[in-house]
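Trainee: Below are the chains, spelled out letter by letter.
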Amino acid sequence: EAQVTQNPRYLITVTGKKLTVTCSQNMNHEYMSWYRQDPGLGLRQIYYSMNVEVTDKGDVPEGYKVSRKEKRNFPLILESPSPNQTSLYFCASSLSSTGNTIYFGEGSWLTVV
Amino acid sequence: AQSVAQPEDQVNVAEGNPLTVKCTYSVSGNPYLFWYVQYPNRGLQFLLKYITGDNLVKGSYGFEAEFNKSQTSFHLKKPSALVSDSALYFCAVRDMSYRGSTLGRLYFGRGTQLTVWP
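Protein sequence lines correspond, in order, to chains A and B. Throughout the first sequence, residue numbering follows my numbering, covering 1 to 113 in sequence. Throughout the second sequence, residue numbering follows my numbering, covering 114 to 231 in sequence.
Next comes chain A alone, as it looks inside the complex:
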């Protein structure tokens, strides 16, 4: 079954404690991206990756890092989380940057206190 898997699904953490949200897809997709969803703002892209070792900033990259060492995995790293990073995070993938089918993970609810 084609899927995008995110972990953890729910996390409460404290300010400054590094955390990683993992994302894995089983479809051999080249394009992967991270979005955050905030009330009244919709979803905004944080980072994206065109392929292995190719990553770039989206609209709201501050406070985040990513890596793409393998095609299937695209972890989102919060080196020093702050309360304004409390949000719902989605990982997405598609065959390419011009693909017309986009798969989303189930979302990761992150609370930073």
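Since the hints were derived computationally from the structure, they do not count as laboratory data. Honestly, I wouldn't trust all of these hints.
Unchecked claim - Derived DSS-like pairs (lysine-lysine); straight-line CA-CA distance at most 27 Å:
1. Lys171(B) <-> Lys57(A)
2. Lys71(A) <-> Lys162(B)
3. Lys182(B) <-> Lys171(B)
4. Lys171(B) <-> Lys135(B)
5. Lys57(A) <-> Lys69(A)
6. Lys57(A) <-> Lys18(A)
As the list claims (entries may be wrong) - To be clear about the criterion: a stretch of chain A counts as covered by chain B if any three or more of its residues have a C-beta under 8 Å from a C-beta of chain B, and this derived list gives those stretches:
7. 18-29
8. 35-49
9. 68-81
Note that CB positions come from ideal geometry on N, CA and C, so glycine has one too.
Once you have looked at the hints, place chain B on chain A.
Mentor: Same frame as chain A, but now just chain B:
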């Protein structure tokens, strides 16, 4: 720059009545347009998409959307609303512009909360 506007934060409709959730867009080139639905405490579910072809697109759960190039709109519609349709709806456009670094990015509207009253 690409953008999507959902002019209504909330739409309320009685069960059995038709519903419309509005979306307008601004893109360079041909648009890839999407509708997603989000139920409370759940992820995004794909409803339908317009890539090319017929302007009327049919999707999941009886929803459809009409692509109107002249009005740059992609309104979501359903002939007869159900209480179970109550959810948050997002319109999105994929950047297909090969100029700049935003190729492939999805731009989302702010979402429209649909409430269907019994």
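Trainee: Determine for every hint whether it applies to the structure shown.
Mentor: Each hint, compared with the structure:
1. The suggested pairing of Lys171(B) with Lys57(A) is violated, with an alpha-carbon distance near 34 Å, which exceeds 27 Å.
2. A threshold of 27 Å between alpha carbons decides the hint, and for Lys71(A) with Lys162(B) the separation of about 26 Å falls inside it, so the pair holds.
3. Between the alpha carbons of Lys182(B) and Lys171(B) the distance comes to roughly 17 Å, so the proposed pair stays at or under 27 Å and holds.
4. A C-alpha spacing of about 16 Å is found between Lys171(B) and Lys135(B), which places the hinted pair at or below 27 Å, so the restraint holds.
5. For the hint linking Lys57(A) to Lys69(A), the alpha-carbon distance of about 17 Å falls within 27 Å, and the restraint holds.
6. Restraint check for Lys57(A) and Lys18(A): satisfied, since their Cα atoms lie roughly 20 Å apart, inside the 27 Å limit.
7. With a cut-off of 8 Å between beta carbons, the segment 18-29 of chain A has 0 residues touching chain B; three or more are needed, and the interface restraint is violated.
8. Only when three residues or more bring their CB closer than 8 Å to a CB of chain B does the claim for the segment 35-49 of chain A stand; here the count is 8, and the claim holds.
9. Only residues whose C-beta sits within less than 8 Å of a C-beta in chain B count toward coverage, and the segment 68-81 of chain A has 0 of them, not enough to reach three; the restraint is violated.
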